[in-house]
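Engineer: Chain by chain, the residues:
Number of protein chains: 2
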Amino acid sequence: MEYPTILIENAVNEISKLPGIGKKSALRVVLKLLKEKPEFTDSLAEAVQKLRNETKYCRICHMINDTEDCTCITPRRDTSVICVVEDTPDIMAIQHTAQYNGLFHVIGGLISPIDGIGPDDLNIQSLIDRIQNAEYNVKEIILALSTNMEGDTTAFYLAKKLKPLNVKISTIARGIPIGGELEFADEITLGRSIVKRISYDLNGD
Amino acid sequence: MEYPTILIENAVNEISKLPGIGKKSALRVVLKLLKEKPEFTDSLAEAVQKLRNETKYCRICHMINDTEDCTCITPRRDTSVICVVEDTPDIMAIQHTAQYNGLFHVIGGLISPIDGIGPDDLNIQSLIDRIQNAEYNVKEIILALSTNMEGDTTAFYLAKKLKPLNVKISTIARGIPIGGELEFADEITLGRSIVKRISYDLNGD
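Sequence lines, in order, name chains A and B. Read in order, the letters of the first sequence correspond to residues 0 to 204 in numbering that gives the first Met the number 0. Read in order, the letters of the second sequence correspond to residues 0 to 204 in numbering that gives the first Met the number 0.
Just so you know, the hints here were simulated from the structure itself, not pulled from any lab data. Please note: incorrect hints may appear among the correct ones.
The list treats identical chains as interchangeable, and a pair is accepted whether it falls inside one copy or across any two copies.
Below 27 Å or equal to it, Euclidean Cα-Cα: the simulated DSS-like pairs (lysine-lysine) are [said to hold, decoys possible]: (1) K16 with K34; (2) K22 with K34; (3) K159 with K22; (4) K55 with K23; (5) K49 with K36; (6) K22 with K49; (7) K31 with K55; (8) K195 with K167; (9) K16 with K160; (10) K16 with K31; (11) K138 with K160; (12) K159 with K138; (13) K195 with K138; (14) K167 with K36; (15) K195 with K159; (16) K49 with K159; (17) K55 with K36; (18) K22 with K36; (19) K55 with K22; (20) K162 with K195; (21) K195 with K23.
So that you can see chain A by itself, here it is in the shape it has in the complex (with noise of 0.2 Å):
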């Protein structure tokens, strides 16, 4: 495509290099931009900006915060567990269920042979000096990882690393998704949702 100017082809060049954005939308957005006052363009420059340069990550749990004190160490949830993720959309989306109440740890990616990834490139350690903290308390820890090949092999390698330092370790259920009909659920997690089955608790409460 032949853009008709210099400064819009490197304007839609950067803005077409952002996820879900291609070359016809960033032009969109070019022309929108054009189209309002420079204070529009301003304000988001230096929003972007100042998110990049001034983001911090709590120094125990690597979430994603305005300062290096996170909610974890605030004493308003449970310090007892720790859900582990990959990264803070998923923390977010925990939150947003409202069933959660215990504290995080983002390891900051899966292992994955394949793009270099490693155990040494997440946040691993971090999480065994938190475990091993006797201040923390720490109880259970609760693998929240993607069911995908690297979620899988980053679940297994966690487990295995974590399980001599004597704590509960759980993964969050997989299965039929609740509105799901059985029909249209693909072979794998149907299969695995009956191996996996969960007992009625007749005499409970």
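Please arrange chain B on chain A, whose structure you already have, making use of the hints.
Structural biologist: Positioned in the frame of chain A, the structure of chain B alone reads:
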């Protein structure tokens, strides 16, 4: 949606003001920016600010340009025909067809009383000046505007306004798109394509 930090919230808000990008896509962009090196964000911010601050518009045809002198001044093109379009993307689309070698004139919008846009907000006077300037020797004006109410209103207004200037006025053909099936064509287009049918010139070359 609750965001982990104020910096992320601000960036998501700014990015989601762009066309075609919702809050979820904006969050994906934010996480990408945080994952890449700071230079990635810097060159994005620089490109959009340069675009906004340094883009010029040709003072004759109002086309976007790196300088104030554009192709409408170079003699490589047929200067006797001017194609009137709404905005720059339309020029790019027409250029892309490689079927037009004349000049352009960007009116910068369409007449739309609902949005408070009247004829005085468009680059119409400068079009009249171009036609009246004997030096340019303009013979034909092609109206290439959208086929919606605003486009038709603007075309009608222009046709009336330009009538006394003694130039040929034409509009791009409306009809069934090439490759389009009659069965699926909308009634209005099909009806119009019958009324405005084109005679076969069997004696032509």
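Engineer: Evaluate each hint against the coordinates.
Structural biologist: How the hints compare with the structure:
{"no.": "1", "hint": "K16 with K34", "in the structure": "both (22 Å within a copy, 13 Å between copies)"}
{"no.": "2", "hint": "K22 with K34", "in the structure": "both (18 Å within a copy, 22 Å between copies)"}
{"no.": "3", "hint": "K159 with K22", "in the structure": "neither (45 Å within a copy, 38 Å between copies)"}
{"no.": "4", "hint": "K55 with K23", "in the structure": "between (34 Å within a copy, 21 Å between copies)"}
{"no.": "5", "hint": "K49 with K36", "in the structure": "both (21 Å within a copy, 14 Å between copies)"}
{"no.": "6", "hint": "K22 with K49", "in the structure": "both (26 Å within a copy, 18 Å between copies)"}
{"no.": "7", "hint": "K31 with K55", "in the structure": "between (31 Å within a copy, 15 Å between copies)"}
{"no.": "8", "hint": "K195 with K167", "in the structure": "within (18 Å within a copy, 79 Å between copies)"}
{"no.": "9", "hint": "K16 with K160", "in the structure": "neither (37 Å within a copy, 45 Å between copies)"}
{"no.": "10", "hint": "K16 with K31", "in the structure": "both (18 Å within a copy, 10 Å between copies)"}
{"no.": "11", "hint": "K138 with K160", "in the structure": "within (16 Å within a copy, 81 Å between copies)"}
{"no.": "12", "hint": "K159 with K138", "in the structure": "within (16 Å within a copy, 82 Å between copies)"}
{"no.": "13", "hint": "K195 with K138", "in the structure": "within (24 Å within a copy, 80 Å between copies)"}
{"no.": "14", "hint": "K167 with K36", "in the structure": "neither (57 Å within a copy, 37 Å between copies)"}
{"no.": "15", "hint": "K195 with K159", "in the structure": "within (20 Å within a copy, 77 Å between copies)"}
{"no.": "16", "hint": "K49 with K159", "in the structure": "neither (40 Å within a copy, 52 Å between copies)"}
{"no.": "17", "hint": "K55 with K36", "in the structure": "between (31 Å within a copy, 14 Å between copies)"}
{"no.": "18", "hint": "K22 with K36", "in the structure": "both (23 Å within a copy, 22 Å between copies)"}
{"no.": "19", "hint": "K55 with K22", "in the structure": "between (32 Å within a copy, 22 Å between copies)"}
{"no.": "20", "hint": "K162 with K195", "in the structure": "within (21 Å within a copy, 80 Å between copies)"}
{"no.": "21", "hint": "K195 with K23", "in the structure": "neither (47 Å within a copy, 33 Å between copies)"}
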